[in-house]
Each structure stands twice: as C-alpha cells, then as structure tokens.
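Asks: Here is what each chain is made of, one letter per residue.
There are 2 protein chains.
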Amino acid sequence: MNNFIFKNPTKIIFGKDTEHSVGNETKIFSNKILLHYGGGSIKRSGLYDRVKKSLDEAGIEVFELSGVLPNPRLSLVQKGIRICRDNGINFILAVGGGSVIDSSKTIAAGVPYKGNVWDFFSGKAAPTESLPVGVVLTIPAAGSESSNSAVITNEDGWFKKGLTNDHLYPVFAIMNPELTFTLPDYQTICGASDIMAHIMERYFTNTKDVEFTDRLCEATLKTIIDNVPRALKNPADYAARAEIMWAGTIAHNNLLSTGRVGDWGSHAIEHELSAIYDIAHGAGLAIVFPAWMKYVYKHDIKRFAQFAHRVWNVEYNVFNIEETALKGISALESYYASIGLPVRLSQANIDEAHLEEMADKCTGSGTYTVGNFMKLDREDVFNIYKLAL
Amino acid sequence: MNNFIFKNPTKIIFGKDTEHSVGNETKIFSNKILLHYGGGSIKRSGLYDRVKKSLDEAGIEVFELSGVLPNPRLSLVQKGIRICRDNGINFILAVGGGSVIDSSKTIAAGVPYKGNVWDFFSGKAAPTESLPVGVVLTIPAAGSESSNSAVITNEDGWFKKGLTNDHLYPVFAIMNPELTFTLPDYQTICGASDIMAHIMERYFTNTKDVEFTDRLCEATLKTIIDNVPRALKNPADYAARAEIMWAGTIAHNNLLSTGRVGDWGSHAIEHELSAIYDIAHGAGLAIVFPAWMKYVYKHDIKRFAQFAHRVWNVEYNVFNIEETALKGISALESYYASIGLPVRLSQANIDEAHLEEMADKCTGSGTYTVGNFMKLDREDVFNIYKLAL
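These protein sequence lines are chains B and Z, in that order.
Letter 221 of the first sequence, counting from 1, is numbered 221 in our numbering, and no numbers are missing.
Letter 386 of the second sequence, counting from 1, is numbered 386 in our numbering, and no numbers are missing.
So that you can see chain B by itself, here it is in the shape it has in the complex (with noise of 0.2 Å):
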C-alpha cells in the first residue's frame, strides 16, 4: 500500500425528496447562482420545478444557462464564465448528468482565473481556486458528484481532456434515486459501463498489498453487476436505483483508490473514441474495456484471475489460472452484452477508418504511453483499437 492522504469534502445528501432542500443548501453559499443544465428533460420530469421553487423559496437569485451536451463542450464554458463575471455570480448549481457537471465545475474554476480555462486542460496551468459548486444528480454515471475530475471537448479539434484537481470538489451533492426512474434503458446501461470502468481502472493496478481497496472494489462491482439488471426490469425499483446510485458515487469519490496506482489507459483510449464520433461515454468503454484486458491480461494473471473469481463467481482453477483469468474477462464482455452494451466498434458503426488518427491522438503522435498497469505506446493503442473491431 503507498501513502495516501484521501479527503472527500462532499456532503451527500441522499434519498426520497431530497431535491427540496436544495434552496437551504446552496443558501449556505450564495444568494446568486448560475443554474447550469442540459435539455428538457428536467422540465418534462417537473424536477426544474421543483429546483426553482426551493431556490424562490431561499430567496436565490437565479441565472440560468442550459443546453450542455454529453462531452460537454468549450464553448459553453466560456459562455458559462462571461454570464457569471457579468453578473458577479458566485456559486454553480449543476442540475443532471456527469457532462452537467464537468462542464459546472469548468465554469466555476474559469471564473477566477484570468487566462482561457482551456490551460487547465491542456496542462498548461492548473486551478488555484474556484467557485463552490452543488449538484442535483440525475444520472448515475460519472461519478462527477463527489469526485475531484471533469472532462471537456474542445470543438476546436475535437480534443477531449480530462482535468483532475481538489478544487473541483462540489460542496454538496443532492441524490434521489427516484429521479433516475425516467432514465431511458440506454442511459441506465451507459451509465453502468461508466461507474463499472471507474471500480476497474483503480482494480488493475501494479501496487502491491492492496486487499482492503480490492475488497472494497469487488463489493461495488457486485453491487452494480446485481442492481442493473433489476433496475432495467422494473425502472422504478427504487431499492435497485439507490444502490446503483451510491454505488456510482463511491466509485469515483477516490476512496478505492487510496494508496494505490490506477490505470486510466482505457478511460483515454476511449476518449478519443468518443470525441470522433461522439458515442456514449460508457457504451465506448463498454467496447474499450475488455480490448484492454485481451490485451494486456498476461501482465497480471493473477489479478485477472482474483478478479474473475470473486467479482464473476469464476471458480478459482488453481491448475490453470490463465483460463480462470479468461473467464473472467469473458463473464464481464456476456454481461455488457446481457444488458444490451455494444462491446465491438462495428456494433457501434465504427470501421477502421480513424484508427491511426486516434492512436495518433490518444498518445501525442507517439511521443507519450497512456495507462499504468501497462504503460501503452501508439502501437499498444492502435492494436487495442483492432482488438475491439
């Protein structure tokens, strides 16, 4: 186990109703807002609404900018960080998804910075501050609600860059696993893949002595391996969507990967998937991640195969333990497949044809390895790509 230093600052405040103490919440920090969303379909469901009225209620002066797309996009950001320098706004409220969110948590950190918040992506510069943000969840998925990350395209390219940082924390996150009951089947899947990606990219590490986080790891797993299933029969089993809810969050608010190393090769193969062609972020891991595993399982037999045994129930073949390690990789492929994931690039109508661009992009022409369980060059990528056809 390495040293770690782990502080989640984010209150959660989970369950039937919650969105109504959403004015109390964010009076705490501001009586000005910014109310960052997506679409309609926060006002179909009547969830606007019902934010409104306890922002009216806490007497919260309320700007709004909707219209975040999935990859949330640049160009809303700045968008987002002129309104509040305009207007002399102080706090974010994200009301939906992880895109909602990273594209809130941008804003927030770009308001206080005088150059283009860009820098912060490109590497260029790094947040020393920014405005408190609240979340209304209504997509388990990325995590973003209690976690130190966001992800942008720039339109400019088509570059999407992650950006992690402690300042990017929201304050509060407000989580009503009923809201998720209108979910479209597609979302609920795409946004399993996600949270699933997030338990195995910290899983598949090189540090050793790790039980405790292994542990905790396989129990989220299992937690979302079960609860999906459920949720998709009955969408408003309300005891699946909370656990697939809690669950979500705990797997990306860092706890599972207290002193130890994750990989993250698969979450930036994937970026680049889907910054081309703009596919679900958790259907392109769906596809991405047992490419990886095919790929680079022999690295670590032994943790492919604990994996295999105690998330997929692989009896443990102490003789071969490689076709226990191909077990388990092919269970998780059967379940992505089983709740109705693509797990290939032509079930996505993707052909060869960027292959090489995304290779070429995904590790700087070749001049940088993506992942740490095994650190990936351009070829390692492009025949990961290849892989997954």
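Any given hint might turn out to be false.
Here are the simulated SDA-like cross-link-like pairs (lysine to any residue), alpha carbons at most 20 Å apart as the crow flies [as the list claims (entries may be wrong)]:
no., chain 1, residue 1, chain 2, residue 2
1, B, K43, B, D56
2, B, K222, Z, S257
3, B, K222, Z, Y316
4, B, K11, Z, T258
5, Z, K79, Z, D119
6, B, K208, Z, P229
7, Z, K11, B, D166
8, B, K43, B, F63
9, B, K16, Z, F6
10, B, K11, Z, N3
11, Z, K222, Z, S257
12, Z, K222, B, E218
13, Z, K208, B, I225
14, Z, K27, Z, F6
15, Z, K161, Z, E178
16, Z, K208, B, R230
17, Z, K11, B, E218
18, B, K222, Z, K375
19, Z, K11, B, E129
20, Z, K124, Z, G364
21, Z, K16, B, I5
22, B, K208, Z, N3
23, Z, K222, B, G259
24, B, K7, Z, P132
25, Z, K222, B, H309
26, B, K114, B, G88
27, B, K7, Z, F6
28, Z, K16, B, V261
29, Z, K11, B, I5
Sample of chain B residues with no beta-carbon within 12 Å of chain Z, all distances over it, derived [what the hints assert, rightly or not]:
no., residue
30, N31
31, D209
32, D226
If you only want the chain Z side, here are some residues facing chain B, beta carbon under 10 Å, derived [to be verified]:
no., residue
33, I5
34, V62
35, L65
36, L69
37, F212
38, T213
39, P235
Think of the hints as simulated: they come from the structure by calculation, not from any bench.
Glycine residues also receive a C-beta, built at the ideal position from the N, C-alpha and C atoms.
We have chain B already, so just place chain Z on it with the hints.
Replies: Chain Z only, in chain B's frame:
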C-alpha cells in the same frame, strides 16, 4: 435503503513517516495547542520526540496533558478544559489511541461550553461548537480518528457513556502503520475486536435493501480477519498493519452506516462490563458479541446466514439456513479464540456477582431498552450476560 446525509470532513494522512507532517497540519489551525496523550509509550518509542520536533519547527506553542487511561476519565477531561481556558488554547492534538482521542474530543467540546461537559453524555445538552482536534493515531481500534463519537467514564458512579455529534469529527488524522509495530499482541487483538464490532453493529440491521453497504461491511470485516493473524505472526509486517489501520478507520467513519440503522446493543452491554471491571473494551466485545448473536439470531436467520456465508466462507445450506447461521456465529467465536481473545466472562475472571447490577445500569433499571436489531430490555441484557458466563 433509508435516506441519509453523509459528510466526513477528516483529512486522512496515511503512510510511512507521516507523523513528521504534524506541525504543518496543525499550524493551519493554531499556533497554541494542548498536546494530549497517555503514558510513557509514546516517549519510549520516540514518537513524542518526533511530534514535538515537528511542532517546534512549525513554531507552535505546546501545552501538555498526559495521563489518559483506557476508558478515559471525566476528571482528566475537566483538567484539560481548565488548561485550555486558562491559557487561551484553541486546538487539541491527540497522540495515541481511542481513549486519548475521545478525551481530546471531549475537552474540545467542553472548552466553549458554559455548563458541565458531562451534560453532553447524560443527554442534558448537545455540543453546538468545538475546538478543532487533530490526531496522530497509534492504535487501530476505536475508529475515533475519523468518527463523530466519543466515550467517557465518569468515576462518580463509574458510568461509561457515549456521545455522537458532528462537531466531534477530527480535522485531520495522521496514520503511520509503522507506529503499530510495537503494540503488545493483546492491544492488537483487542483493537481488532473493537473494529470488527464496529462493523457488526452496523451489519445487523432491520433496514431492507442495503446490499451495497452489506458488501462494504463484509469487505472490511474480511480484511481485518485476514490480516490480524499476519500482524501477530510478524509484528513488523507493514502490509498487514496498514490494511488493519485503514480498515479500522473505514469501519467507524460512518460510510458503512449510510442508509441503514445500526444495532449498538452489544456496545451498550459491553460498556457496563468495562466500566465496572475496567477490562479492555475489545476483550469485553469478544465476550459479549457471540452471546448477543446466540440470543438474537432467530430474529433474522437469513441475515446471519449471509454473514456466515459471505464473511466466514460457510457453505450456504439452502435446506437448513439455521445451521448455516449458527456455523457463522461459531466461526466468529473460534476466530476470536484463535487470535487469543477471551470469549467467556469466566476467561476474564468475571463471575455472576455484578450481572444484575450491570443489567440495571445498561437499561436505566429497566426504564429503556438497548439495541435496534432487537430491542433488548433489562431481562434480555441479563440473559445475554448469563449466556456469556
């Protein structure tokens, strides 16, 4: 799953040599502090010198109060409060285990309070503010380093009472597993018993649909169960000590309680034991828990069978789940015995003499019940003591 609010503000600084950062971490809060500790062990180990050096280098003025005993006493707390008030001290640094931390938290809550600090424990008042408390942890056991609770013994009648209040979360906890290499075996096993009890108090619940937190509890328990024998075999096994220390914190930082109601009957029953006999809390819990389980398991045989199967690897007998459940209780008892803990009152040289008196004190002479899994009245508590003889 019940609605819940979760926010744990303690900053964890974990790993080798981390005690050297205590000066810098403390300086964020204060330059005049009370250093609170037990006896000579931190002086013999050299920890006291390292902590003092770090505080000196940070330019912090240090007042000292030593002499904290296991089952920390109200009289010393009151002395600490006077020292803080007389000298304008506004930060308490606890260097030690749960007793030192609980004593520190109580001093910290008592300084700004005009009445008698025992009011917080007798239920007459609740803290509305507190001085910040920092921790350098030396014993993985109580979980107090990142919890919102404290337990104090009032020598006037030997009442041992607990207090839970969000003002009691420490602001930081420095945790170096190397500091636990020199623990006597008895402290290692009593600490393990306390940690296991914190998990089991949360695990045995009537709240439905708690799969995720069940699995997190099981993961944490299994980590302790695996690593304690390793630490006993090789006291300087860093990996084992680190797993125990981090799992011990998570066991009691309230993550494992999210969305569920814990029991806490066994803690109440044990507190009377250690208040009268002054035996180690962990030893008392190893005696009480198996007796409690034998008394209550029929209330939810399935939950006990899950405990047996998932935590103790008992094969699930679908045709006789009571047998499965009983094998789990037996496995817990055998495990305690295997690491050297007493599992009967007689092994701690406690006879029937005070059972009636303890059952009275535990239940306010029968005016209230203890525990939530099953509400236990005076007669139940007495029966559990008898079962433990």
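Asks: Of the numbered hints stated previously, which ones are contradicted by the structure, given in increasing order?
Replies: 14, 15, 17, 18, 22, 31, 32, 34, 35, 36 and 39
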